Amino acid sequence: METIVELKNVTKVIKGRTIIDAISFKVNKGEVFGFLGPNGAGKTTTIRMIVGLMDITSGDITIGGASIKTQFEDAVGHVGAIVENPEMYKFLTGYQNLVHYARMSKGITKEKIAETVELVGLTERINDKVKTYSLGMRQRLGLAQCLLHDPDVLILDEPTNGLDPAGIREIRDYVRQLAREKNMAVIVSSHLLSEMEMMCDRIGIIQNGRLIDVQLVQEFVHGTEVTYELEVVPSDKALKLIEASYPDVRANRSRNGISVELPKEEIPKLVKKLVSEDIQIFAIKEVAKTLEDRFLEVTSEKEAVTRG
Amino acid sequence: MVNLIKNEWMKVFKRPGTYVMIGILIVAISLVGIVVKTQQKDFVQDKNWEQVLKDENTALKQQMAQSRTKTEKQFFKKEIAINDYRIKHDIPSREKYSVWSFVKDTSQLILLAGLFIIIVSAGIVASEFNWGTIKLLLIRPINRTKILLSKYLTVLLFAIFILAILFVFSTALGAILFGMPDKAVPYLNYFNGQVTEQNIVVHLLIYYGLSSIDTIMLVTMAFMISSVFRNSSLAIGLSLFLLFTGGQFTALLSMKFDWAKYVLFANTDLMQYFEGTPMVEGMTLSFSVFMLLIYFALFQFLAFYVFKKRDVAA
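Heads up: the protein sequence lines correspond to chains A and B, in order. Once you know that position 137 of the first sequence is 137 in the working numbering, the rest is easy, because the numbers rise by one and skip nothing. Count along the second sequence from 1, add 308, and you get the number used in the working numbering.
Derived by calculation from the structure, the hints in this document are not laboratory data. Don't take each hint at face value.
As the list claims (entries may be wrong) - Once the Cα atoms are required to be at most 30 Å apart in a straight line, the calculated DSBU-like pairs of lysine-lysine come out as:
#1 Lys617(B) / Lys69(A)
#2 Lys362(B) / Lys26(A)
#3 Lys269(A) / Lys237(A)
#4 Lys617(B) / Lys112(A)
Quick caveat, the model's predicted, so the values are computed rather than measured.
Starting from the given sequences, assemble the full structure and let the hints guide the process.
Structure, rendered in structure tokens:
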């Protein structure tokens, strides 16, 4: 896989406070990279540095091999971005907005503009003033704006903020489609964990300006152990039995019965035991840990380590 | 660069405010036209105008002999020289009110035009920050210096555009209301003790240009404030305040302090070297031009330096 964006020890100090502390990571072509962190962790600051809106105090960022510090024009030419809300000129029509941005990059034809408008599904309303657009339409116009020059890297800061479920889904589909079909690298930041889970291939977790982990989404979500939920009657007896047979395993009462963290191979054995003890089994479900659980887990672990 | 200027031009002209400004300017010119027209009396050329001028000159000469300051003496000298020239070349001092007189009168509206140009200039950078569009503007493969330069050039083009409207519309309206002069009466220019004739249109264009200098300086200042503080209200407020009061304040200062000559507004009126007397004694045309260039460079340096260095966090 080909690296397109690389951050090397990027640090940002504002008025003596370290906002971003030596962050390094790489993003490859065709990959959706999620940038996850609580509010104020430094996601937006990092993104602003990647697109050159903010100066880098130390370290460097390269995009397509060009440094954003020293070869700004080359580097940023690879990038299409929406930073926070897609703010467009409200007194212009959607089309005029696109023409405005098309004039600022080389070689964007009228056909290309029309094609992009078609892609984001704004053909009907493109000649209306932006102030008449809904938030979802503005978001789509924002997307059109960053796709005009066929960038290698798409950067979306909180792309689903304020959108309804349909809008969120739409954005998610675009993002996956672009990464897959056009081999674009997509960097998405969000604090909406469920969104990231569905959209991203890899996730970097940022907290207090430090990148504490970069993992594949599957690994991240599943980890090694899985939780199973048992719907059994009588549950007291079952719980005792489980505690007796697996003393090291965490088992507790949950809403629907009992939840246990067990390796997959142990499940048939457990079922056998339960049946032989005359316990009725109604259901056994694998409960995938949500990104949220993992996220809170990871961030609190790291916090404990740093404090410890 | 042309594309960038096209963009800025589009953003200026797709806003209704711009048309309101142009409308107000045209209405103002028309009002001046109507007022002048209704107050106009039939023009009768005084047959004895040569004699009147001669009498005036004798009076002026007496006054000159009595006056003590150098500037006053120069003023009388100039008046006498021009009157002599008129007598010698048969150019009456009073002439029929014509299109050119009207254009000269409406040139007072440069102040109003200046106000509009300042509004545009103050908004052109600050608005992008207010709208949040600055983020999308600065992540294009174009460096910030070029973007800011295109904005400044757009302001200058807009200034030329507005002044051109003022000049052309005044000329057109003047020609309709007052007619073209029967014969081209030249403007008498007094410079370095010499009286020369100047084509009236050329004179008016120069007059416009010179009158616009303080406007352009304030426009540049507004642009600088807009870029440094990202605040269009501050830029508009401060620049307009100075546009209307700067001259008077400096005049007050200059009565007491010699250093007033270093103040911007002591130097913006270059007409003082052609038609009047300098605000502070000892000031020369080249001194003023030099001061103007220094101020201009300072404003531009601040605007570009801060804009280039700024972390965009809006």
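Do the hints match the structure? See the list:
Between Lys617(B) and Lys69(A), the direct Cα distance comes to roughly 12 Å. Compliance with the 30 Å bound is thereby established for this hinted pair. For the given pair, Lys362(B) sits about 91 Å from Lys26(A) by alpha-carbon distance, which is inconsistent with the 30 Å threshold. With a C-alpha separation of about 17 Å, the suggested pair Lys269(A) and Lys237(A) falls inside the 30 Å cut-off, and the hint holds. Among the hinted pairs, Lys617(B) with Lys112(A) is inconsistent with the structure: their alpha-carbon atoms are about 34 Å apart, more than 30 Å.
Hint violations for this structure: numbers 2, 4, all remaining hints satisfied.
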